[in-house]
Amino acid sequence: VLRVISAGALTLVEDAGRFGVAHLGVGRSGAADSAASAAANAAVGNPANAAALETLLDGLTLAALQPCMVAIAGTGSPVVPTPLEVGQSVTVAGGESGLRRYLAVRGGVDAAVFLGSRSTDLLAGIGAPLQAGDVVGIAGEETTFPETVADPPLPGANGTTVRVYPGPRADWCEPDALVVSAWTVTASSDRTGVRLEGAPIARTITDELPPEGLLPGAVQVPPSGQPIVFLYDHPVTGGYPVIGVVHPDDLRLVAQTRPGRTIRFVPA
Amino acid sequence: VRAIRPYGPTAFLVEAESIDEVHALAQLRVPGVTQVVPGARTLLVESSDPAAAETYRSCVLQGARPLVQDTTSVIEVIYDGEDLADVARATNLSVDQVIATHTGAEYRVALCGFTPGFAYLTGLPAKLHLPRRATPRESVPAGTLAIAGEWTGVYPRRSPGGWHLLGTTSTPMWDLERDPPALLSPGDRVTFRAI
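These protein sequence lines are chains U and S, in that order.
The numbering of the first sequence is the numbering used here, which starts it at 29 and goes up by one.
The numbering of the second sequence is the numbering used here, which starts it at 7 and goes up by one.
One chain only, chain S, in its complex shape (with noise of 0.2 Å):
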């Protein structure tokens, strides 16, 4: 850990060194506290309780482990994204490269957010690696994969995005009908297939 963060007198923010140990933290049980949220490099804990920050900080000394995580999603997705041409390129892959690099390879939910249903999922491998778009566009349609930086998602609703469009998949990300209505939960393991 390389610090413990104020976030205000209800909440503090434990910056972790790896994703795997903020899944790590995310699973500890710890009295007095209320809510976490796992971002990418850091563990938001909601408490009022001063001991559970030093709680926090033992832990992570005596180095927290991750427990096993079984759930694994695939996500058939037809690879017809609109900036898939470009991608090719800035990559100097073929566009089946694109698909196949992408297809190839495990994935990790490292964190919820942006909206409701979106997965932040880890993994990607380096050649993807693209930074996003200088403009990012206005709408997105829901159902869309994309790529960014080290990230993959999918957009769960129409919204704005500045990520690089590879596909489309029909299998809703945000359901308020199922439970729970999000596909995806941090620690979740995800793999693309191409239909």
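Just chain U, same shape as in the assembly (with noise of 0.2 Å):
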């Protein structure tokens, strides 16, 4: 069990996410990176997708009520297991990459949970970011050794190049509108989705699209022409054309890319 002392920018419970419950109106939910909440897991001898701390940047402070081990990914260092005594705190802090962090606790995060799982999805208002004073409990997931794991790589600053399927809508664009030029990430990001600044992308259909599904990595086109990559927390269903796919292995990295930095597409 850990006390939060400082909650940093913003930070969430979050595991592998919910599945097959877009019907309800609930997306996916789940860590944004989840390779690096596998490899925080791994290194405190946990299940790939038990619970862990997502938050942002560097900030978030926890005090052990009880001993217990720690790991953080996400930072661009080694996840080394670390043992915390009662009264010990850790802080998490990294390098100039990456922007979000994680923080395993041996036997996972412990929160409620809904629909299979114990992801705060802030889009449909399930669970809520952690404040300063709250108690992590930990869920008694089974565990194995602890061992220390590389953490999966992160985008640079001088951004990163993520490959892109063609998507159900592609023909509703110019063609290759994506791959041309380079992209922004812009402040106005957040789990739901994140949001590019570019040269904004012209329409061919100008037809009103009846709304469809969305998945997580469904890059959508709204009106102003500058795209957005969905992430986690995506709603189940959108009214703009999805003109591509971010290869599943690649939607970390547009997760991980900082504000004001560069992300380009290659075809898949």
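For the record, the hints were derived by calculation from the structure and aren't laboratory data.
Glycine included, C-beta positions come from ideal geometry on N, C-alpha and C.
Heads up, a few of these hints could be off.
What the hints assert, rightly or not - Pulled a few chain U residues facing chain S out of the computed Cβ check, cut under 7 Å:
| id | residue |
| --- | --- |
| 1 | G48 |
| 2 | A50 |
| 3 | L52 |
| 4 | G53 |
| 5 | V54 |
| 6 | L150 |
| 7 | A152 |
| 8 | G155 |
| 9 | Y193 |
| 10 | P194 |
| 11 | P239 |
| 12 | E240 |
| 13 | L243 |
| 14 | P263 |
| 15 | T265 |
| 16 | V273 |
As the list claims (entries may be wrong) - If you anchor each label on the Cβ, the simulated ranges turn out as follows:
| id | chain 1 | residue 1 | chain 2 | residue 2 | range |
| --- | --- | --- | --- | --- | --- |
| 17 | S | P142 | U | G253 | 13 to 21 Å |
| 18 | S | A106 | U | T232 | 27 to 35 Å |
| 19 | U | G115 | S | P166 | 43 to 51 Å |
| 20 | S | P15 | U | L150 | 21 to 29 Å |
| 21 | S | A96 | U | G165 | 50 to 58 Å |
| 22 | U | S117 | S | P137 | 55 to 63 Å |
| 23 | S | S176 | U | T176 | 51 to 59 Å |
| 24 | S | P12 | U | V208 | 19 to 27 Å |
Fit chain to chain and form the complex, with the hints in mind.
Structure follows, in structure tokens:
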């Protein structure tokens, strides 16, 4: 059990997310960088899908109320299992890369299970951000031996390149519109979606699109012509054309690119 | 089916002829499919199995028909919406006729989306079809009944909105204490009663 001393910019409980509940209007949610979350969990001997804390940049500080073991991933450094004695604290801090850090605790973070997952979904109003003074419980997941693991690579200061498949409405916009230029991540991005800024994409079909299903990684073009890459708290349907779908293995790189930095798309 | 469109390596989008066909396709239980998401004219199918797309294609060719849906919800509404007078003017109806037209129809949930618990209801009589407001409101209160285009629906929570506001209901559309939390699911029938 740990106590939140400082919650940082935004700290959420996230596991692998909810599956098969879109018909209820509930999206997948879950860790925005599942590889980093899995690395933090692996380091403390947890299953990859255990719940961990996802926190924006640096500053999350927790104090141990009982002996426990934690590990931090998404910082660009090796992920080291770290024992904490009662009263000892841990602060999440990392380098100039990445946006979302993960803190796992041996046994997994506890939170109410809703539709099969402990994940906080800000769009659906499931769970809420942690605040200073909150107590983080341990779920009691079955564990194996802790070990130091590598941190999955993060996008650097020069931006990142991600693979994109053609989307179901690729023909509604100029061909290759996503891949011909670079895009800047804007500050209005969140777990719903990463909003990009660049040369506006022109529509070749201007009909109104009846709402249709969305997935994490869907690249939607609203009337502004500035694309949105949906992340895990996405609405389950949307009414603008999806012209691309980010490769599932690369979506974590989109989620880890800081505002102001660059994303380039290449054909998958 | 007009087409099966690509949606990355783990999904595809089935274009249907009608909302009935969308619901019929959504009721299929196909091996290797992890989730389906009904849209207004499409079904998003999550599956990494290439055989699944062929199954949908052949089901559609044989003419998929929806099972009978029994769930009907009656939602009580106070017709006091800010846009009621404007809707009456735009449709050449009196306010009472707008209310009578809206309560006189039976609606079906075509799909859910926008925010959790928001159900797009189809079946709005054609004389109430209006384009969305030119300028969306930044904030529409939870429980607001609204119309736009061929749709009607109730905002489950305070959110931005470009639809025309007809009234208010105290029936929660989305309640995490309820199982399932959404009052309405695709295929459900809905009527509104003025109180």
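- Query: Is the hint on U:G48 kept, meaning its closest Cβ partner in chain S is under 7 Å away?
  - Reply: holds, 5 Å
- Message: Next item in the hint list is U:L52. Is there a CB on chain S closer than 7 Å to its CB?
- Response: Holds, because the Cβ-Cβ distance from U:L52 to chain S comes to roughly 5 Å (cut-off 7 Å).
- U:L150 as chain S interface residue, shortest Cβ-Cβ below 7 Å: violated, 11 Å
- Given U:V54 as an interface hint, is the shortest Cβ-Cβ distance to chain S below 7 Å? holds, 6 Å
- Query: Does U:A152 pass the interface hint, meaning its C-beta sits closer than 7 Å to a C-beta of chain S?
  - Reply: holds, 4 Å
- Item | S:P142 paired with U:G253, Cβ distance criterion 13 to 21 Å | holds, 18 Å
- Message: Less than 7 Å between beta-carbons is the criterion; does U:T265 satisfy it with respect to chain S?
- Response: OK, holds: U:T265 within 7 Å of chain S, min 3 Å.
- Closest C-beta approach of U:P263 to chain S relative to 7 Å, hint status: holds, 6 Å
- Within 51 to 59 Å or not, the Cβ separation of S:S176 and U:T176? holds, 56 Å
- CB-CB spacing for U:T232 and S:A106 relative to the 27 to 35 Å hint: violated, 43 Å
- Message: Just to be careful: measuring from the Cβ of U:Y193 to every Cβ in chain S, is the smallest value less than 7 Å?
- Response: It holds, given that the least Cβ distance between U:Y193 and chain S is near 5 Å, below 7 Å.
- Message: Would the hint on U:A50 be counted as holding, given a Cβ-Cβ threshold of 7 Å to chain S?
- Response: holds, 4 Å
Hint violations for this structure: numbers 6, 8, 18, all remaining hints satisfied.
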